[in-house]
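Could you put together the complete structure from these sequences and hints?
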Amino acid sequence: MPIDIDLMRLARISETVMETSSVKTLVFKDRLGSKASAGQFLMVWIPRIEEIPMSVMVSRREGHAAVTVKKHGKGTTALFEMDVGDFIGLRGPYGNRFTISTEFTNVLLIGGGTGLVPLLRLAVNITRLNIRCTLIIGARTKDEVIFEEYARKFLSDGKGKVIVTTDDGSYGLKGTASDGMVKTIGEERYDCVYTCGPEIMMKKIFEISKEQSLPVQASLERYMKCGIGICGSCCIDRWLVCRDGTVFDSNQLSRMKEFGMAFRDKDGQKLQYK
Amino acid sequence: MPIDIDLMRLARISETVMETSSVKTLVFKDRLGSKASAGQFLMVWIPRIEEIPMSVMVSRREGHAAVTVKKHGKGTTALFEMDVGDFIGLRGPYGNRFTISTEFTNVLLIGGGTGLVPLLRLAVNITRLNIRCTLIIGARTKDEVIFEEYARKFLSDGKGKVIVTTDDGSYGLKGTASDGMVKTIGEERYDCVYTCGPEIMMKKIFEISKEQSLPVQASLERYMKCGIGICGSCCIDRWLVCRDGTVFDSNQLSRMKEFGMAFRDKDGQKLQYK
Amino acid sequence: MKGEKQSDTLSVNVGPMRLRNPTMLASGILGISQDIFERLYNNNIGAIVTKSISVDPMKGYANPTIVPLGNKTYLNAVGLSNPGVFAFSHEIMRNKFVPIVVSLVGSSEKDFPKMISFLDSLNVIGYEINLSCPHVSKMGMEIGDDPEMVSLIIRTIKRHTRKPISVKIGIGSMDVVEISRVAVESGADMITAINTVRAMKIDVQSMIPVLSNVIGGLSGKAIKPIGIRCVYEISKVLNVPVIGCGGVSSWEDVVEYMIAGASAVQIGSILGNSDDTFFNRITSGLKRYLARKGIKNIGEIVGLAHRY
Amino acid sequence: MKGEKQSDTLSVNVGPMRLRNPTMLASGILGISQDIFERLYNNNIGAIVTKSISVDPMKGYANPTIVPLGNKTYLNAVGLSNPGVFAFSHEIMRNKFVPIVVSLVGSSEKDFPKMISFLDSLNVIGYEINLSCPHVSKMGMEIGDDPEMVSLIIRTIKRHTRKPISVKIGIGSMDVVEISRVAVESGADMITAINTVRAMKIDVQSMIPVLSNVIGGLSGKAIKPIGIRCVYEISKVLNVPVIGCGGVSSWEDVVEYMIAGASAVQIGSILGNSDDTFFNRITSGLKRYLARKGIKNIGEIVGLAHRY
Ligand SMILES: Cc1cc2nc3c(=O)[nH]c(=O)nc-3n(C[C@H](O)[C@H](O)[C@H](O)COP(=O)(O)OP(=O)(O)OC[C@H]3O[C@@H](n4cnc5c(N)ncnc54)[C@H](O)[C@@H]3O)c2cc1C
Ligand SMILES: Cc1cc2nc3c(=O)[nH]c(=O)nc-3n(C[C@H](O)[C@H](O)[C@H](O)COP(=O)(O)OP(=O)(O)OC[C@H]3O[C@@H](n4cnc5c(N)ncnc54)[C@H](O)[C@@H]3O)c2cc1C
Ligand SMILES: Cc1cc2nc3c(=O)[nH]c(=O)nc-3n(C[C@H](O)[C@H](O)[C@H](O)COP(=O)(O)O)c2cc1C
Ligand SMILES: Cc1cc2nc3c(=O)[nH]c(=O)nc-3n(C[C@H](O)[C@H](O)[C@H](O)COP(=O)(O)O)c2cc1C
Ligand code: FES
Ligand code: FES
Chain A
1 MPIDIDLMRL ARISETVMET SSVKTLVFKD RLGSKASAGQ FLMVWIPRIE
51 EIPMSVMVSR REGHAAVTVK KHGKGTTALF EMDVGDFIGL RGPYGNRFTI
101 STEFTNVLLI GGGTGLVPLL RLAVNITRLN IRCTLIIGAR TKDEVIFEEY
151 ARKFLSDGKG KVIVTTDDGS YGLKGTASDG MVKTIGEERY DCVYTCGPEI
201 MMKKIFEISK EQSLPVQASL ERYMKCGIGI CGSCCIDRWL VCRDGTVFDS
251 NQLSRMKEFG MAFRDKDGQK LQYK
Chain B
275 MPIDIDLMRL ARISETVMET SSVKTLVFKD RLGSKASAGQ FLMVWIPRIE
325 EIPMSVMVSR REGHAAVTVK KHGKGTTALF EMDVGDFIGL RGPYGNRFTI
375 STEFTNVLLI GGGTGLVPLL RLAVNITRLN IRCTLIIGAR TKDEVIFEEY
425 ARKFLSDGKG KVIVTTDDGS YGLKGTASDG MVKTIGEERY DCVYTCGPEI
475 MMKKIFEISK EQSLPVQASL ERYMKCGIGI CGSCCIDRWL VCRDGTVFDS
525 NQLSRMKEFG MAFRDKDGQK LQYK
Chain C
549 MKGEKQSDTL SVNVGPMRLR NPTMLASGIL GISQDIFERL YNNNIGAIVT
599 KSISVDPMKG YANPTIVPLG NKTYLNAVGL SNPGVFAFSH EIMRNKFVPI
649 VVSLVGSSEK DFPKMISFLD SLNVIGYEIN LSCPHVSKMG MEIGDDPEMV
699 SLIIRTIKRH TRKPISVKIG IGSMDVVEIS RVAVESGADM ITAINTVRAM
749 KIDVQSMIPV LSNVIGGLSG KAIKPIGIRC VYEISKVLNV PVIGCGGVSS
799 WEDVVEYMIA GASAVQIGSI LGNSDDTFFN RITSGLKRYL ARKGIKNIGE
849 IVGLAHRY
Chain D
857 MKGEKQSDTL SVNVGPMRLR NPTMLASGIL GISQDIFERL YNNNIGAIVT
907 KSISVDPMKG YANPTIVPLG NKTYLNAVGL SNPGVFAFSH EIMRNKFVPI
957 VVSLVGSSEK DFPKMISFLD SLNVIGYEIN LSCPHVSKMG MEIGDDPEMV
1007 SLIIRTIKRH TRKPISVKIG IGSMDVVEIS RVAVESGADM ITAINTVRAM
1057 KIDVQSMIPV LSNVIGGLSG KAIKPIGIRC VYEISKVLNV PVIGCGGVSS
1107 WEDVVEYMIA GASAVQIGSI LGNSDDTFFN RITSGLKRYL ARKGIKNIGE
1157 IVGLAHRY
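Protein chains in written order, with the numbering used here: chain A, 1 to 274; chain B, 275 to 548; chain C, 549 to 856; chain D, 857 to 1164.
Please keep in mind that the hints were generated in silico from the structure rather than gathered at the bench.
Treat the hints loosely; a few may be bogus.
[As the list claims (entries may be wrong)] Derived contacts from chain C toward chain D, CB cut-off under 10 Å, selection only:
no.	residue
1	Asp556
2	Gly563
3	Leu567
4	Leu670
5	Ile673
6	Met697
7	Leu700
8	Asp751
9	Gln753
10	Val762
11	Leu766
12	Ala770
13	Arg777
14	Glu804
15	Ile807
Think of the CB as a built atom: it goes at the ideal place given N, C-alpha and C, for glycine as much as any other residue.
Below, the structure is given as structure tokens:
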């Protein structure tokens, strides 16, 4: 019988990893999630509390998937506080994926915060294709840098490199992830830029890339209820992030009036990014 | 996508054959029906009039099935009056099937009226297995003998033989089908008796076989509404003819108190056979 | 009664009825033959509810009366065909060991004492009053939607029998909780929810409604979320055992109904897709579930959803 | 109106509204963004019904608000979240070519003139009054089950707009024909049937109701036979255009609703399973069907089942 990814399944958390004081990775057995593509997300049910979209994190364990959650509001805090043995509900994976051309030889990945999650999955795929890969990890301060060790490990041996930027200069390059980008594109030629993270950051990256005629793929976030193209709450311009995205390319991004400018609240009102 | 045999499908009658003045064969394209086993039936919808069970008749045309209907009450009369181009609805095929042991070398088939329909299908299968086969066609009178020519044709060349009996002696052997049976089992050794037709006839055949320790398989009829084991209207003792049958073996038949004795009406009342 | 411990994992008390397990045959499914009842009981069903029986035999509607719609969903308008109470009392006269609940249907309160007089001395554990057949006028939902009639019928029945009665309700034009309240206040011992939901199917090629009666009742998988909701609503508000019904096809569905508040669960159309091992599979699924959760008796899960 | 010939095969008159084809977006589905409306219209939808709009913005319930149940069936309790009439009137202010019907919801008759004052001068072809949301108290079904409130709301609206209005009804605790009759007698130009059906889902492993609101509304394939029945019943008895809704996922379903008596058909949850070619596939399926039957305009099939 084919498995319906829309039917909620329960998964027991089998392992947790504290990434920083407010970021935690939860690992659980989930065959469907383990096969997710980079850019896809799961709808994660925290029973009686919330259901929220979460990018699928790489998990080293066969048949397992993971999510990396940053403590935020009600839902993410409850998820963050979960421990081994607790149950979550899962639907998905949903959404499209980052695409890689076999003609690429060198690509740039730029992530901020939990936006690094889909990029790690992507980096794994990219290095398997023998494409070189530079990963910029952006953070506000040293304590918030995540996944550095993991990334350095599998981007070693000439597979690529890792650049860390912190806004306050407490670690790595001082500046934003886009400052790091400006620097590295001055030094190397990249075929494509992949990004996920705060939208203002992605917008900046998109604009820099446009000037340099560098193609971009960005994984966007919007408020999501259904994750499957029914409710419309995740719309950005004419697109639904859950169905047409989460990954959009330069062409789409350039046609978006709302990208980096406006988003919709839980009630569907359009608000401006500050 | 797997096809759900329960979902009603429409079929256009592509050919009709008058077998006698009150028996007609309707041929129609229906892949599922064309693959039916001997003993199985279709639920046939005559739009706005009735839905009735009909044994699946052999059809020479690839991908086609057929039913042979005897004019009776409202439903069968409407079906009988249908012509090329008319539409019927179909569900099924339903029910179990006659079983053949490869150890058989010679078998006896005894049919009365439209009860011959499943036996013709069976005879085709049997001869393919190189088992010899005697078919008794029972009828009240000469004009009601059906399928004789067809049966004689494919039971020629040593594959088997056809015996016709008429109650009034107007054709073939004078007597009932069971009289024909008594005669032929006196002459030849059979491994199994297959029968379908009026229940009183089948009961008689079952009793003769029991005396001779001959195994019997009989395809029974009961009033049917659903054809799928929901309504219970087709019950005979603890069995449902639509689901556990239509074919029952000696062991089951011998445990039935109602076989040849009683049947249920449309409202479920038990009535006695006269 | 809810949560009461039992010696046996699956045995349940449904009001005054004690069943070896919470599964029951839904009315109208295979429901006219004592031989079939015995076969089902030997195959591990908890109890039988018979086809709805009327005073006189009823032929019902012409076929098609039952239309499979795919995905374990069915539409039917059988028209309450049944052999009548006289023939049916003969059918179950020799019942020795099967826990039989007789479903009764009538067009006025006077019908019920007549039927009870035939049945009450037989080996019958209770009655289910069908006030919710969605497609037979003057006998089903039309009565179920009339609170005074419901009350009159139940009070009349209670004067004529000491056996427990369940009132079977459906999605009609009265709120399920309100009509259940009327039933309970009039003396009903249990509520069965739900009957089929008024529905229809048209064949688009012939442009003809498929059921001979045009309109019928939807059953099976499609109505399960509606049945769960009704059981939850009724059992949360009224202090009465509720028997769940509608779309059960697995042990998980039985559990879902019981967590919603059902003390027992009826199984209907799905039997068209199942075999003799069905109830064994249900009961062993239930046992495994309870073992995993460390629950001693299934009664403990009844109504756990009322916390929310 | 029924059977009236049109130059174009698929164009239909739905009361005073003329649509290029009989498909409409059901309310609450992708219903808050003008950009999405334009995309759907460019993909060949006949008309848009917006998310139900209230006077003030509403956040709705916490997630889970939408639960897929499998087989194209869904459960939802969104809680009528919407940006409110002020923000929404800005959303559609620049609408040029999309036939938009605004769905309105309110808790008293006074809410409606307020909303209409914001919307009536915009490029909007009509209103749909949502009196049937099964899971929001004081705004949905509670109003739809109160005939006097229904009548008051509709008469109030009719005094404040000349645009056509459809009243959206559901399976509540009033007969669908009776509540439609009240609506029509109070001035409704059309009836939309049906909204989601009150239902519930419990996760058996965690023993927890999945929707944050516990109870929600069933939509999709499971409710189609119920919707077909309602459209048939209403359109057979009342002389009013009916817009069918519930479980449509193919051109055959559109045809089935129209034969049952619908002048147009709304499509909702199934859009979660479809892509940009969906409405083209529907319309070309409809055209092939009509060609095969030798029918010039789809309006000719409306209500053909009333013969039975
Ligand atoms: C495709 C996608 C992938 C994501 N991946 C991750 C991830 O890997 N790790 C991670 O920590 N976060 C991720 N997020 C963000 C995460 O879903 C939100 O932080 C979370 O939903 C906030 O819920 P809350 O109850 O804690 O916040 P609330 O207090 O309810 O709200 C805080 C803010 O979070 C956002 N938010 C709230 N609910 C949702 C929702 N249902 N959908 C989208 N945004 C919401 C809104 O901007 C809101 O203003 C992802 C979001 C999307 C859309
Ligand atoms: C498995 C099976 C296979 C059959 N195969 C054939 C066949 O190949 N050719 C053929 O001519 N006939 C066949 N029949 C018999 C045929 O179904 C009935 O003759 C037919 O249903 C009568 O319908 P009616 O409306 O003409 O009769 P009615 O006037 O309604 O009733 C006449 C009698 O026919 C029987 N009958 C009526 N309705 C049904 C029903 N739904 N199911 C079963 N019996 C019914 C009853 O005994 C009834 O008393 C078969 C029956 C069964 C159960
Ligand atoms: C063919 C058929 C006949 C039915 N007959 C009756 C009946 O006589 N009395 C009754 O109360 N319910 C009757 N029902 C309704 C069932 O008892 C049950 O309430 C309904 O089918 C929902 O359960 P299910 O989804 O498990 O089938 C009938 C249902 C079907 C499918
Ligand atoms: C997520 C969701 C939100 C809905 N919101 C509304 C709404 O705001 N107003 C309304 O009248 N109906 C609403 N509905 C009901 C739909 O308009 C429609 O009546 C119902 O879903 C049945 O159609 P379907 O089976 O095609 O989905 C909603 C349905 C869904 C699934
Ligand atoms: S989250 Fe509902 S449409 Fe995208
Ligand atoms: S015909 Fe319904 S059970 Fe056999």
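Cut-off 10 Å, beta-carbon criterion: hint that leucine 700 of chain C touches chain D: Since the shortest Cβ distance to chain D is 21 Å, the answer is violated.
Does the closest beta carbon of chain D sit nearer than 10 Å to the beta carbon of leucine 670 of chain C? violated, 37 Å
Holds or violated: the hint that aspartate 751 of chain C contacts chain D, with Cβ atoms closer than 10 Å. holds, 8 Å
Restraint check, 10 Å cut-off on beta carbons, for isoleucine 807 of chain C near chain D: holds, 5 Å
Hint validity - glycine 563 of chain C Cβ closer than 10 Å to any chain D Cβ: With a minimum Cβ separation of about 23 Å from chain D (threshold 10 Å), the hint on glycine 563 of chain C is violated.
Restraint outcome when glutamate 804 of chain C is required to lie within 10 Å of chain D by C-beta distance: holds, 5 Å
Min Cβ distance, valine 762 of chain C to chain D: is it shorter than 10 Å? holds, 5 Å
The hint names alanine 770 of chain C as touching chain D; please verify it with the least Cβ-Cβ distance against 10 Å. holds, 4 Å
Restraint check, 10 Å cut-off on beta carbons, for isoleucine 673 of chain C near chain D: violated, 28 Å
Answer holds if the nearest beta-carbon of chain D is closer than 10 Å to that of arginine 777 of chain C; otherwise answer violated. Given a least distance of 4 Å, the restraint on arginine 777 of chain C holds.
Going by Cβ atoms only, is methionine 697 of chain C closer than 10 Å to chain D? violated, 16 Å
Quick one, is the leucine 766 of chain C hint okay against chain D at 10 Å, beta carbons? holds, 5 Å
Hint compliance for this structure: hints 1, 2, 3, 4, 5, 6, 7 are broken, all remaining hints hold.
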